[in-house]
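Join the two chains into one complex using the hints; note that each chain is given alone, in its own frame.
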Amino acid sequence: MAKTILAVDDSGSLRQMLVFTLKAAGYQVVEAVDGRDGLDKAIHKPFDLVLTDQNMPNMDGLALIRALRGLPSYARVPILMLTTESSDEMKSKGRAAGANGWLVKPFDPNRLTEVVRKVLG
Amino acid sequence: MKRQESGVLELGRLLTEVSVEGIAHLEEVQADLTQTRLLLAEAIARLSDGFSALHAAVSVQRAAAEQLQQQATGAGDGQAQLREAAAAIDTHVQAMVTALQFEDMTSQLIAHAGRRITGLQGILARVGDGAQGLAAGDLTQLDTLRAAMAAQSRELDGSLARSVDQRHLESGDITLF
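For the protein sequence lines, the chains are L and F, in the order given. Each residue of the first sequence is one higher than the last, beginning at 10 in this note's numbering. Each residue of the second sequence is one higher than the last, beginning at 208 in this note's numbering.
Keep in mind that the hints are not guaranteed to be accurate.
Calculated cross-link-like contacts (lysine to any residue; reagent style SDA-like; alpha-carbon spacing at most 25 Å) [claimed, not checked]:
#, chain 1, residue 1, chain 2, residue 2
1, L, Lys100, F, His319
2, L, Lys127, F, Phe384
3, L, Lys102, F, Ala294
4, L, Lys32, F, Gln268
5, L, Lys100, F, Val300
6, L, Lys127, F, Ser366
7, L, Lys102, F, Ala368
8, L, Lys100, F, Ala294
9, L, Lys32, F, Leu254
10, L, Lys100, F, Leu316
11, L, Lys127, F, Ile381
12, L, Lys127, F, Leu254
13, L, Lys32, F, Leu316
14, L, Lys100, F, Ser259
15, L, Lys32, F, Met303
16, L, Lys32, L, Thr13
17, L, Lys100, F, Met312
18, L, Lys32, F, Glu377
19, L, Lys127, F, Asp297
20, L, Lys100, F, Arg369
21, L, Lys100, L, Asp19
22, L, Lys32, F, Leu376
23, L, Lys100, F, Ala318
24, L, Lys12, F, Val300
25, L, Lys32, L, Ile52
26, L, Lys32, F, Ser259
27, L, Lys100, L, Gly79
Read the hints as simulated data drawn from the structure, not as lab findings. Since this is a predicted model, take the numbers as computed values, not measurements.
One chain only, chain F, in its complex shape (with noise of 0.2 Å):
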C-alpha cells in the first residue's frame, strides 16, 4: 500500500515537472513563431516594395526604348527584340505576384500553430493542476485529470480548423456561380 502511495507521489511530481518544463518549451517555440513572422512580415514588404518599384522602372525603360526604336530607320529586328524582351517580362511578373503571395499562406500557418501551442499550454497547466492533487496522494485526481485532458484537447482540435491546405505555389482553383 505504502508503495503504491508513493508510487501516485512520484506520478504527481514526474507530472508536475512535465507540465513546467513542458509550458517553458513552448514559450520558447511561440517565441521562434513570433520571430519568425516577424521577420517574413518585413521581407514580404520589402520584397513587395521593391518588385513594385522594379516593374515601374522597367515600364518606364520600356516605354522610352519603343520611342527610341520607333525614331530609329530600319529598326525592324530591334521592334522584335523589344516585342519578345517585353513579353518574357510579363510572363516573370504573373509569376512573381503569384509567388509574393506566400506571405498571406504562411502568416496564416503560423497563426493556426501559434494557436495550437497556446492550447497545448492550457492542457500542460491543467496536467500541472491536477498533478499537485496526486502529489498529495490523491489518486481520484488521475481519472479527473484524464477526462479533463482529453475534452481539453477535444475541444483544441474543434477550435482549430485548418484553413491553408496549399503545399505549392500554384493558382488555384476558381469556380464561378
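The shape of chain L in the complex, shown without the other chains (with noise of 0.2 Å):
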C-alpha cells in the first residue's frame, strides 16, 4: 500500500508541483493550505510523512511541527521544511520544534524523491 504525505503550503502551485512529484514516485498525497488545515488533517487522519512550508497564513510550519511533536501520534513521524528561508538561525529553529531536515525551495523532483524515500526508509 503507497504511503501517504501529508504536503502543507499556502501556495497553490508549489502544491501543484509537489503533488505531481510526489504520485509520480508513487506516494499518496493529501494537500493542506496552512498550518492550521495541516493540523486539524493531521489529527484526524495519520500520515507516513509530513512536507510543510514555514511561512504561511494562520499557522507557520514551525508552529506545525511543535503542535504535531505534541501528539504522541506524531512523535516519530518524520517530518521535513520546504521553505524558502535558508538561514542557519531558521534551521536551528526547525531542528529544535523537532524537524527531521530542511530542505530549500525550489526543490529540484529526484532530489526530493530521494530524501522522501530515504526518510520513509
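Structure (C-alpha cells):
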C-alpha cells in the first residue's frame, strides 16, 4: 500500500508541483493550505510523512511541527520543512521544533524524491 | 524672527504636500503590485495545468509507442530511440517542475514589498500629521516628528524579515538532521 504524505503549503502552484512529483514517485498525497489546515488533517488521519512550508497564514511551519510533536501519534513521524528560508538560524529553530530535515526551495524533483525515500526508510 | 516663523510655516506646508503626494503615489504602486500578483497567479495556474495535461498526454503517447514498437519486428533501433526520447522528456519535466515554483517566491516578494509600502504610507501619514503642527507655527513639532519617523521606520524594518533570498531558480540546499 502506498505511503501517504501530507503536503502543507499556502502556494497552490507549489502544492501542485509537490503532488505531481510525489505521485509520480508512487506516494499518495493530501494537501493542506496552511499550518492550521495541516494540523486538522493530521489529527484526523495518520500520515507517513509531513512536508511543510514555513511562512504561511494562520499557523506557520514551525508552529505546526511543535503542535504535531505534541501529539503521541506524530512523535516519530518524519517531518520535513520545505521553505524559501535558508538561514542557519531558521534551520536551528526547525531542528529544535522537531523537524527531521530542511529543504530550501525551489526543490528538484529527483532530489526531493530521494530524500523522501530516505526518511521513509 | 518673522523670517524663521515663515520658514517653519513653509516647511510644514511642504511636508504636508510630500505626505499627501507620497501616499497617493504609493497607492498607485500598491495597485500595480496587486495587479502583477493577480496576473502571475493566473499565469502560473494556466502554466501548471497545461504542464500537467501535457505530461499526461506525453505519457499516454509514450506508452502507446512502446507497445507498437514491441509488436513490430526488428524494432531494435526504434526502441533505443524511444528510450532516448523518454530520457530527454524526463530531464525537461524535472527542469520544468523546478522552474514552475517561481510563483511561490515572487508572490512572497510582492507581499513583502506590499507590506513595506503600507508601512511607508503610515510613516508619510505621520509626517503629514506633524507637518500640520509645523504649518501652525509650532517649531517643537520638528523634533517630535523626527523622533516619531525614526521610531516608525525602525519598527517597520523590524517587522519585515526577508524570507526570500533566492536569485535563481536552481534547487536549494538539503539538510537532514
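For each hint, the structure was consulted:
1. Note on lysine 100(L) and histidine 319(F): the hinted pairing holds, with a Cα-Cα distance of about 21 Å set against a maximum of 25 Å.
2. About 12 Å separates the Cα atoms of lysine 127(L) and phenylalanine 384(F), which keeps this hinted pair within 25 Å; it holds.
3. Distance check on the hinted pair: lysine 102(L) and alanine 294(F) sit about 40 Å apart at the alpha-carbon level, beyond 25 Å; violated.
4. In summary, the hint linking lysine 32(L) to glutamine 268(F) is supported, as the alpha carbons are separated by about 19 Å, within the 25 Å threshold.
5. For the proposed pair lysine 100(L) and valine 300(F), the alpha carbon gap of about 29 Å is over 25 Å, so the pair is violated.
6. Simply put, lysine 127(L) and serine 366(F) have alpha-carbon atoms about 37 Å apart, too far for the 25 Å limit, and the pair is violated.
7. For the suggested pair lysine 102(L) and alanine 368(F), the alpha carbons sit about 15 Å apart, so the restraint of at most 25 Å is met.
8. For a cut-off of 25 Å, the pair hint linking lysine 100(L) to alanine 294(F) is broken: about 35 Å separates their Cα positions.
9. Proposed proximity of lysine 32(L) and leucine 254(F) is supported: the alpha carbons are some 19 Å apart, at most 25 Å.
10. For the suggested pair lysine 100(L) and leucine 316(F), the alpha carbons sit about 21 Å apart, so the restraint of at most 25 Å is met.
11. Between the alpha carbons of lysine 127(L) and isoleucine 381(F) the distance comes to roughly 12 Å, so the proposed pair stays at or under 25 Å and holds.
12. With a CA separation close to 31 Å, the supplied pair lysine 127(L) and leucine 254(F) exceeds the 25 Å bound.
13. For the hint pairing lysine 32(L) with leucine 316(F), the CA-to-CA distance comes to about 29 Å; that exceeds 25 Å, so the pair is violated.
14. Taking the CA atoms of lysine 100(L) and serine 259(F), the gap is about 32 Å. The hint is violated against a cut of 25 Å.
15. A threshold of 25 Å between alpha carbons decides the hint, and for lysine 32(L) with methionine 303(F) the separation of about 16 Å falls inside it, so the pair holds.
16. A threshold of 25 Å between alpha carbons decides the hint, and for lysine 32(L) with threonine 13(L) the separation of about 10 Å falls inside it, so the pair holds.
17. The suggested pairing of lysine 100(L) with methionine 312(F) holds, with an alpha-carbon distance near 19 Å, which does not exceed 25 Å.
18. Between the alpha carbons of lysine 32(L) and glutamate 377(F) the distance comes to roughly 22 Å, so the proposed pair stays at or under 25 Å and holds.
19. Distance hint between lysine 127(L) and aspartate 297(F) is fulfilled; the C-alpha atoms sit about 22 Å from each other, no more than 25 Å.
20. A threshold of 25 Å between alpha carbons decides the hint, and for lysine 100(L) with arginine 369(F) the separation of about 15 Å falls inside it, so the pair holds.
21. Our distance criterion of 25 Å between C-alpha atoms is met by lysine 100(L) and aspartate 19(L), whose separation comes to about 20 Å.
22. For the proposed pair lysine 32(L) and leucine 376(F), the alpha carbon gap of about 23 Å is at most 25 Å, so the pair holds.
23. Distance restraint check for lysine 100(L) and alanine 318(F): the Cα-Cα separation of roughly 23 Å lies within the 25 Å cut-off, and the hinted pair is therefore satisfied.
24. Of the supplied pair hints, the one linking lysine 12(L) and valine 300(F) holds, its CA atoms being roughly 23 Å apart against a limit of 25 Å.
25. Between lysine 32(L) and isoleucine 52(L) the alpha-carbon distance is near 23 Å, which keeps this suggested pair within the 25 Å criterion.
26. Our distance criterion of 25 Å between C-alpha atoms is met by lysine 32(L) and serine 259(F), whose separation comes to about 12 Å.
27. A distance of roughly 20 Å separates the Cα atoms of lysine 100(L) and glycine 79(L); the hinted pair therefore holds under the 25 Å criterion.
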